[in-house]
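Hey, can you piece these two chains together into the complex? The hints should help.
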Amino acid sequence: MTDQADSGLSIGAYVGWTFAFIGLVATLIGWRVRGQQQRFLAQRKDVHDSIDRAVKALTEYEDGAISFWTDKETKLNKNSILTLHKRLTVSLRQIEELTDAPAPYDLLQQLHKAATLDFEIARRPISSSSERIARIAGTSGKLLNSSYLMKSWKKK
Amino acid sequence: MKVINVTDFSEFPGPRYISLGPNSGEAFRKQVLIPNILEHAGEVTVDLDGALGYGSSFLDEAFGGLIRDGVDSKIVLKICDNLKSDDDPSLKIQITQWVKEAISTYNKSSPT
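Heads up: the sequence lines are chains A and B, in that order. Each residue of the first sequence is one higher than the last, beginning at 6 in the numbering used here. Each residue of the second sequence is one higher than the last, beginning at 1006 in the numbering used here.
The shape of chain B in the complex, shown without the other chains (with noise of 0.2 Å):
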């Protein structure tokens, strides 16, 4: 099992796109979380401690955005359950709504 720390990415996690500054969550679902879901076929741990804060639009874009990005549900939500966030359990929370709010959208959107 691979294990990503965010920090390793940026202590200070951005905004939700690239274009809108640095440390984004698009850039950290690009750059990072989809190469080593590739890379392991799925089997990763996102370790969240020690970062300075979250924003919400990040974890979306992060999290929400692999889903919306193609890879398999269940792999995303094998993540979530995986996830480590001992400085801050309700971000576990709020990441595992986004991936679930976007799988919803994504099948209300895909064709039947």
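One chain only, chain A, in its complex shape (with noise of 0.2 Å):
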């Protein structure tokens, strides 16, 4: 009697120690995918913020560029242009330390080369219908829509 009594108290502590065991396993299971999904959200919300500060930094510097070409009375100098392009690489750089996709530096430097070139000695203001406005305004939209500064949530 005691023998029973003793196997069928055996069982239920096994079954109960089971389910524990199960129950333990599968919230350190949730907590480690839990913290990866947490991790991965933290991760692409830096990488978001480094493309929106890319963006910014695009955008006034295509700004910048065409003011400096077209404006008769532009606050802009050569070094303003260079600084310019240095945030923007600075922040095309950040975002491929977080990505490590290469970034579009061919059409970063087209448009250093459509900003820059000759800017020490050529004409200004010229008519915002030039060849140069053209290509900074191009090159700007070519990287602006590159897909290095899509936002996107799915994991690569």
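Because the hints were derived from the structure by calculation, they are not lab data. Take the hints with a grain of salt, since some may be wrong.
To be verified - Simulated restraints on C-beta separations:
no.: 1; chain 1: A; residue 1: A142; chain 2: B; residue 2: T1050; range: 32 to 40 Å
no.: 2; chain 1: B; residue 1: D1092; chain 2: A; residue 2: E78; range: 27 to 35 Å
no.: 3; chain 1: A; residue 1: L29; chain 2: B; residue 2: D1054; range: 49 to 57 Å
no.: 4; chain 1: B; residue 1: T1012; chain 2: A; residue 2: D123; range: 21 to 29 Å
no.: 5; chain 1: B; residue 1: I1039; chain 2: A; residue 2: A47; range: 47 to 55 Å
no.: 6; chain 1: B; residue 1: D1054; chain 2: A; residue 2: I27; range: 56 to 64 Å
no.: 7; chain 1: B; residue 1: D1091; chain 2: A; residue 2: D51; range: 18 to 26 Å
no.: 8; chain 1: A; residue 1: H53; chain 2: B; residue 2: M1006; range: 24 to 32 Å
no.: 9; chain 1: A; residue 1: H53; chain 2: B; residue 2: D1091; range: 21 to 29 Å
no.: 10; chain 1: A; residue 1: G146; chain 2: B; residue 2: T1050; range: 18 to 26 Å
no.: 11; chain 1: B; residue 1: G1047; chain 2: A; residue 2: S135; range: 51 to 59 Å
Yeah, the Cβ is synthetic: ideal placement off N, Cα and C, and Gly gets one too.
This is the structure:
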């Protein structure tokens, strides 16, 4: 009789411990998955914040370069354009650091060339329909629409 | 391999020609690049990092100008390969393009 009771207790305890163990494992897995999701969301947020900064730097660069070349009484000078270029470069490199995806440096150098080539000697202001302005606007547009500056929540 | 830091020449690279102002691309080529290329048999690395920024004309005149000055294109292309530009990797692409354009122009204009 006692043996049977002991045996019943043992089975009950065994089943109880098994459920407790399964519950513990499920909880640990849940924590791990939740942790991974939170890390992913935090990383994505960092990338998206960097994209916001890069888009801002790009639009300021485009606006600044166009103002420098087309406005008769612009406040911008050569060093302003170089500083705007540097800000955009730093922003793109920040995204590169976070994502490991190479930045679109070819487009960046095209924009730099259009904005700065012969900016010491060229006649200003130039027409807003000139080739240089078309290049600045066109290259900025390509950069803005590149997949590099697109936000995404997809896991890569 | 001789390392040339552009910032030793100037932290504020200037215009294309000497006649246009200080720290020009022409001055960098004539006073720094060519003497070092000759002294070190073309074994030079140019470090672009640390400067305020470069105008496109400075880059063309300094590096594309090497071809126009008659420096062997293989040496100039090797210098392009060895360029250090961690601050702005796009400069390396642009300089290589200027050099290739200069080589192409030089080949077209030279007598066959």
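Now for the hints, and whether the structure bears them out:
no. : hint                         : result
1   : A142/A x T1050/B: 32 to 40 Å : 36 Å, holds
2   : D1092/B x E78/A: 27 to 35 Å  : 32 Å, holds
3   : L29/A x D1054/B: 49 to 57 Å  : 54 Å, holds
4   : T1012/B x D123/A: 21 to 29 Å : 24 Å, holds
5   : I1039/B x A47/A: 47 to 55 Å  : 52 Å, holds
6   : D1054/B x I27/A: 56 to 64 Å  : 57 Å, holds
7   : D1091/B x D51/A: 18 to 26 Å  : 21 Å, holds
8   : H53/A x M1006/B: 24 to 32 Å  : 42 Å, violated
9   : H53/A x D1091/B: 21 to 29 Å  : 25 Å, holds
10  : G146/A x T1050/B: 18 to 26 Å : 36 Å, violated
11  : G1047/B x S135/A: 51 to 59 Å : 40 Å, violated
Comparing the model with each numbered hint stated earlier shows that hints 8, 10, 11 do not hold.
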